[in-house]
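S.K.: Residue numbers (the numbering used here), protein chains in the order written: chain A, 1 to 318; chain B, 1 to 236.
Treat the hints with caution; some may be incorrect.
As the list claims (entries may be wrong) - Computed list of lysine-lysine pairs in DSS-like fashion (alpha-carbon distance at most 27 Å, straight line):
no.: 1; chain 1: B; residue 1: Lys-182; chain 2: A; residue 2: Lys-105
no.: 2; chain 1: A; residue 1: Lys-39; chain 2: A; residue 2: Lys-105
no.: 3; chain 1: A; residue 1: Lys-39; chain 2: B; residue 2: Lys-89
no.: 4; chain 1: B; residue 1: Lys-63; chain 2: A; residue 2: Lys-215
no.: 5; chain 1: A; residue 1: Lys-105; chain 2: B; residue 2: Lys-230
no.: 6; chain 1: A; residue 1: Lys-95; chain 2: A; residue 2: Lys-105
no.: 7; chain 1: B; residue 1: Lys-89; chain 2: A; residue 2: Lys-215
no.: 8; chain 1: B; residue 1: Lys-63; chain 2: A; residue 2: Lys-105
no.: 9; chain 1: A; residue 1: Lys-215; chain 2: A; residue 2: Lys-105
no.: 10; chain 1: A; residue 1: Lys-95; chain 2: A; residue 2: Lys-215
What the hints assert, rightly or not - Covered stretches of chain B, going by a simulated chain A footprint (3 or more residues, C-beta under 8 Å):
no.: 11; region: 72 to 78
no.: 12; region: 89 to 95
For the record, the hints were derived by calculation from the structure and aren't laboratory data. Keep in mind the model is a prediction, meaning the values are calculated, not measured. No residue lacks a Cβ here, since even glycine has one placed at the ideal position from N, Cα and C.
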Amino acid sequence: MDIESLIENVLNALTAGVTIGCIYGLMCIGLGLIFGIMKVVNFAQGELLMLGMFASLYLVTGGGILAFLGPYIGPFVGALLAGPIVFVVGALIHKFLISRVSGLKTAGTIDDGHFGQLIVTLGISLILQNGGMIVFGSTPFTVQTPLSSSAIEVAVGYGDASVFLNKAKLIACAVAIAVAIALYMVMEFTRIGKALRAAADNPTAATYMGINVDKYYRMAFGMGCGITAIAGGLMATYLSFGPFVGFDYVIIMYSGVVLGGIGSIMGAFWGGLTVGFVQQVSALILPPQLQNAAIFIVFLLIVLLRPQGLFGRSAERA
Amino acid sequence: MLEVSNLSVSYGGLRALTDVSLSVAEGQFVTVVGPNGAGKTTLFKTISGVVRPAAGKITFFGKDLATISASDRAHLGIAHVPEGRQVFKTLTVRENLEMGAYPAAGQAAWSRTLDRIHTLFPILFERATQLAGTLSGGEQQMVAIGRGLACAPRLLMLDEPSMGLAPAVTDTIFERVQQIHKEDGVTILLVEQRVAEALELSDHGYVLETGHMVLDGPYETLLADDRVRKSYLGLT
Numbered sequence: 001m002d003i004e005s006l007i008e009n010v011l012n013a014l015t016a017g018v019t020i021g022c023i024y025g026l027m028c029i030g031l032g033l034i035f036g037i038m039k040v041v042n043f044a045q046g047e048l049l050m051l052g053m054f055a056s057l058y059l060v061t062g063g064g065i066l067a068f069l070g071p072y073i074g075p076f077v078g079a080l081l082a083g084p085i086v087f088v089v090g091a092l093i094h095k096f097l098i099s100r101v102s103g104l105k106t107a108g109t110i111d112d113g114h115f116g117q118l119i120v121t122l123g124i125s126l127i128l129q130n131g132g133m134i135v136f137g138s139t140p141f142t143v144q145t146p147l148s149s150s151a152i153e154v155a156v157g158y159g160d161a162s163v164f165l166n167k168a169k170l171i172a173c174a175v176a177i178a179v180a181i182a183l184y185m186v187m188e189f190t191r192i193g194k195a196l197r198a199a200a201d202n203p204t205a206a207t208y209m210g211i212n213v214d215k216y217y218r219m220a221f222g223m224g225c226g227i228t229a230i231a232g233g234l235m236a237t238y239l240s241f242g243p244f245v246g247f248d249y250v251i252i253m254y255s256g257v258v259l260g261g262i263g264s265i266m267g268a269f270w271g272g273l274t275v276g277f278v279q280q281v282s283a284l285i286l287p288p289q290l291q292n293a294a295i296f297i298v299f300l301l302i303v304l305l306r307p308q309g310l311f312g313r314s315a316e317r318a
Numbered sequence: 001m002l003e004v005s006n007l008s009v010s011y012g013g014l015r016a017l018t019d020v021s022l023s024v025a026e027g028q029f030v031t032v033v034g035p036n037g038a039g040k041t042t043l044f045k046t047i048s049g050v051v052r053p054a055a056g057k058i059t060f061f062g063k064d065l066a067t068i069s070a071s072d073r074a075h076l077g078i079a080h081v082p083e084g085r086q087v088f089k090t091l092t093v094r095e096n097l098e099m100g101a102y103p104a105a106g107q108a109a110w111s112r113t114l115d116r117i118h119t120l121f122p123i124l125f126e127r128a129t130q131l132a133g134t135l136s137g138g139e140q141q142m143v144a145i146g147r148g149l150a151c152a153p154r155l156l157m158l159d160e161p162s163m164g165l166a167p168a169v170t171d172t173i174f175e176r177v178q179q180i181h182k183e184d185g186v187t188i189l190l191v192e193q194r195v196a197e198a199l200e201l202s203d204h205g206y207v208l209e210t211g212h213m214v215l216d217g218p219y220e221t222l223l224a225d226d227r228v229r230k231s232y233l234g235l236t
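So that you can see chain A by itself, here it is in the shape it has in the complex (with noise of 0.2 Å):
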């Protein structure tokens, strides 16, 4: 191989790890914000990410209501609509089943639901995926936009070498940014944000404080469910997809949150970059069978050496 095409395989690969990163940290943003705040381990998050691609189709595709914005806005408006509309389908999750097994209703009894909430969830995730299923067809589908098969190529100034960055998987990426800030500045600045904090940190004391818990939590399920979607949605502009696409990422969605800290909202971004990262760089170097392997070798050596992840800190004084 020569130098030339080395530096530009290398630098392809960096610059992929870094968008699809980005878009995985979304992604994990979900997750944790449900882990992080009500405790809860959602099994069905993956097909939350499925209904997010789903509605996204929807929406953007054939008679969709945003059909009319054409093939370059409307996948990415898409994106960001299937946010609120899986929040409401989470929100209402929440309500009739998660709320059930967990939240102050079963604080401080033998296992405070986990085992409950266990199996809701992977029943959830199986009634979704087989509902997929009935609903959607087997078939796979993808988001249609001419910007997943054009690039800007920027050359690096050696020789003929360049970088092709993929417009979808760019725009999908700051897309993916901007909602992980507006959620950071969301839970760091407003009422809201601070009060879901008061309620993961101490749901007993923030009840005192008047602070309703099950109305913040459902808040919090609702927001977790929505994030991932929107994180779908933006993959399905370059991703072909099926009703069973979730179990794919739900395991890159746990080994993401793991990573970032369990706890740490915005650790979970930096915890799905890294996994995103190592997957898309692993491809230099091995055939893609193995590229999943690679992101638990690499998870495995970062939990050996910082077992509370990239972000989780210990806010305890000893």
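Keeping the supplied structure of chain A fixed, place chain B upon it in accordance with the hints.
M.R.: Frame of chain A; chain B shown alone:
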């Protein structure tokens, strides 16, 4: 303002409180004393609604609290400073106080109460941006009390503010509680194991033993009672 009448509470068949009555008038300083496991914390948790009573009635300004959810009770002006402080460890000191001001009354009075809290506890101003979990026990207790004050309460309930604190720090805390009562005119309901100091501050005292209210009366009456003198004050 607060009337607790014939309250009984059970935890899965285990009686924690039996037929307990207590009343707090506006502007009063009322103390509940009693040994470990007497049910003092349970009494507070039932008033603030996180524990459901088996029988009995609690009214606040004539309003029956039975149908009012725990989180809504804070909006009525009941501030609960819980046992063991329970500050939001991962939030900053300032954010903790802001959460105390979550009810509308607290938000309306925010800039004034924040000044007041900083006057009472200047250290909280210095540590405003520090995570509350990194503070010492005494400082955390100040955050907890400040957080209670931030909602502009009509009734401030303090559950063992001296727990686990050095005597000198406890003295400061007691002094501040007295200031809050005298200068801000806040009605106070206090649970304490440091019986002598607590009763000295109060207009009216209750003695709770194994879930029963065994004695109540003004400071002088309790001080004259042999059992109180022997068991709680160590006097003969």
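S.K.: Now tell me, hint by hint, if it's right for this structure.
M.R.: Results for each hint:
For the proposed pair B:Lys-182 and A:Lys-105, the alpha carbon gap of about 39 Å is over 27 Å, so the pair is violated. At most 27 Å may separate the alpha-carbon atoms for a hinted pair to count; A:Lys-39 and A:Lys-105 meet this at roughly 13 Å. Note on A:Lys-39 and B:Lys-89: the hinted pairing holds, with a Cα-Cα distance of about 16 Å set against a maximum of 27 Å. At most 27 Å may separate the alpha-carbon atoms for a hinted pair to count; B:Lys-63 and A:Lys-215 meet this at roughly 24 Å.
Between the alpha carbons of A:Lys-105 and B:Lys-230 the distance comes to roughly 43 Å, so the proposed pair goes past 27 Å and is violated. Only pairs whose Cα atoms come within 27 Å are accepted, and A:Lys-95 paired with A:Lys-105 is accepted, the gap being roughly 13 Å. Distance check on the hinted pair: B:Lys-89 and A:Lys-215 sit about 22 Å apart at the alpha-carbon level, within 27 Å; holds. Under the criterion of a C-alpha separation no larger than 27 Å, the hint pairing B:Lys-63 with A:Lys-105 is consistent with the structure, at around 26 Å.
Among the hinted pairs, A:Lys-215 with A:Lys-105 is consistent with the structure: their alpha-carbon atoms are about 13 Å apart, no more than 27 Å. At roughly 9 Å between alpha-carbon atoms, A:Lys-95 and A:Lys-215 fall within 27 Å of each other, so this suggested pair holds. Interface restraint, the region 72 to 78 of chain B with chain A: holds (4 residues with C-beta to C-beta distance below 8 Å; minimum three). Coverage of a stretch by a chain is defined here by at least three residues with a beta carbon nearer than 8 Å to that chain's beta carbons; for the region 89 to 95 of chain B and chain A the count is 4, and the condition holds.
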